[in-house]
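S.K.: Going line by line, the protein sequences match chains A and B.
Counting in the working numbering, the first sequence runs from 1 upward without gaps.
Counting in the working numbering, the second sequence runs from 159 upward without gaps.
In case anyone wonders, no lab produced these hints; they're calculated from the structure.
Warning: the hint list may mix true and false statements.
As the list claims (entries may be wrong) - Below, in silico cross-link-like pairs of lysine-lysine (DSSO-like), each with a Cα-Cα straight-line distance of 30 Å or less:
#	chain 1	residue 1	chain 2	residue 2
1	B	Lys580	A	Lys105
2	B	Lys580	A	Lys146
3	B	Lys307	A	Lys12
4	B	Lys533	A	Lys12
5	A	Lys106	B	Lys294
6	A	Lys12	B	Lys580
7	B	Lys586	A	Lys105
What the hints assert, rightly or not - Computed footprint of chain A on chain B, listed as stretches where at least three residues anywhere in the stretch have a Cβ under 8 Å from a Cβ of chain A:
#	region
8	385 to 392
9	513 to 521
Glycine residues also receive a C-beta, built at the ideal position from the N, C-alpha and C atoms.
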Amino acid sequence: MILTDDSIRLIKEKMGRYPRRKSAILPALTVAYFQLGYLSPEIYEEISEIIQIPKVEIAEAASFYTMFPKEPVGKYLIQVCHNISCALLGAEALIDYLQAKLGIKKGETTADGLFTLITVECLGSCASAPMMQINDRYYENLTREKVDRILEELRSQA
Amino acid sequence: METRVLFKYIDDPNQINIDTAVGHGAYRAWEKTLRELKPEEVIEQVKSAGVRGRGGAGFPAGVKWGFIPKSSPKPKYLVCNADESEPGTCKDRVLLEHDPHLVVEGMAIAAFAIGCHLAFIYVRGEFVYPYRTMEKAIAQAYEKGFLGKNVFGTGYDLDMIVHTGGGAYICGEETSLLNSLEGERGMSRIRPPFPAIEGLYACPTIVNNVETLASVPGIINNGVEWYRQYGTEKSPGTKIFSLSGHVKRPGNYEIELGTPLSVLINDLGGGMIDENHKLKAIIPGGSSTPMLLPDQIDIPLDYESLAAAGSMLGSGAVIVMDDRTCMVWAARILTHFYRHESCGKCTPCREGTGWLEQLIGRIERGEGHPGDVEKIESICDNILGRTVCPLGDAAVMPIQSSIKLFRDEWQYHIDHKKCMVKTEFEFK
């Protein structure tokens, strides 16, 4: 099994609360995503066994939701919001800056496997633009200096 | 200048703890509801207070609750819509993160009003911290006996589940949300039947926005007249506005409905971010709402005034653009969003948004052809009103208004193969 005992327990616990098992698909995918950082057919298989829903239905749901990467990403998944409020305050320049700083293009992962850079639609942080989400944390009101500091901190923690 | 009702305790970092929240009066309205009121009385109060849905549509909440068939033997469900993802909108996140018990209490009262014993809060997947805050708040409410079996010893049972989404804007549309909650792809359903008759698991269901539900405890505690002292006759209450874009102090501000837009932008928001650049356009209610021009800055922020001005209050997300903003560029960004988020169910939306993005991108790159603007207008006409859910309309309205208000700029792009205005905002 790829999923840990903790993840399996959590999925079962969530599943037990819904009137219908199928409702546990998204919560189960979320648990798997938090454990692994991405989803894969092997994960669908495991979830299918746990919640007793055909694998195809798990995959069908998973493919609809863009928040879950479908292949491995770096230790830190950088998601830059590039929608209107962030764009008005320089999100495009922020993306250029990150690309140059990390030496990768959007959608790529750094050679050391630390950072993956992607763009996302509105993250609901419009009044703190420009912003990005790294894994499950929001970084707001970004400047070049702040970005430098954040990347440095993450590198030093890695 | 703010009128903080929902935001009263927003700056207290301890408000997320139930003891602090209870000290500030949380769950008093819930207890009062269970001990003193009948469901129909709760519905009547919310109806009389005139609370309108704060998610975007502005439908009267009490009227919606009244649609639940009393005689139905099926279980009834309440779903709090916390899938906040309309560009510009970032208000519900503040309530979820800073005053989760207000949301739980509002949900509990609404659940009782419609005869529901299992309520859900659907939080957008990206909101990890708000999700954890809500989980914790609900767990604390169970511990205190405010949720679960026999609440306050009144015999009423109420369970609550926090459900996370997976990054799909369409799931903020109520029927898509219900599909998503059932484990399906988040695609919209044809209405009728409306969710109040046949919603979650084909049972009567009410879906309300976070802010709408957070408004309810205050009404139960203080009465209809108290609520109606705020706002206007037809748009009572306060509203949280998310102010973003080219202003000095962007943020979430709670003000009375009917407050002039200029107060929000100039007094609370501090005016334009750079005084060398003038106000060019305002999107008043989230990215899907038609734009306003600078001479409309004194318009009162209420449902009726904005509708009369040809726009909408929507979710209350005010996006301010100064004269550095190229309207074709802005339209391309918005169209990209709607193309990306279209669930693909309806052909006009699925195909039309992609076509629009291509055309607008072409014009922006200086590769526009004569007749492109007319073609865009024609595509918009063929999307508007021709889809199952409002995402198609949402995609079209900002483009239509951009062309209507700034047609010369669109044409200049085509004729001169370049932008007449855009200077890049400096990212320092």
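S.K.: The structure should be examined with respect to each hint, and the outcome stated for every one.
M.R.: Now the hints, each set against the structure:
| no. | hint | result |
| --- | --- | --- |
| 1 | B:Lys580 to A:Lys105 | 25 Å, holds |
| 2 | B:Lys580 to A:Lys146 | 26 Å, holds |
| 3 | B:Lys307 to A:Lys12 | 22 Å, holds |
| 4 | B:Lys533 to A:Lys12 | 52 Å, violated |
| 5 | A:Lys106 to B:Lys294 | 36 Å, violated |
| 6 | A:Lys12 to B:Lys580 | 53 Å, violated |
| 7 | B:Lys586 to A:Lys105 | 21 Å, holds |
| 8 | 385 to 392 | violated (count 0) |
| 9 | 513 to 521 | violated (count 0) |
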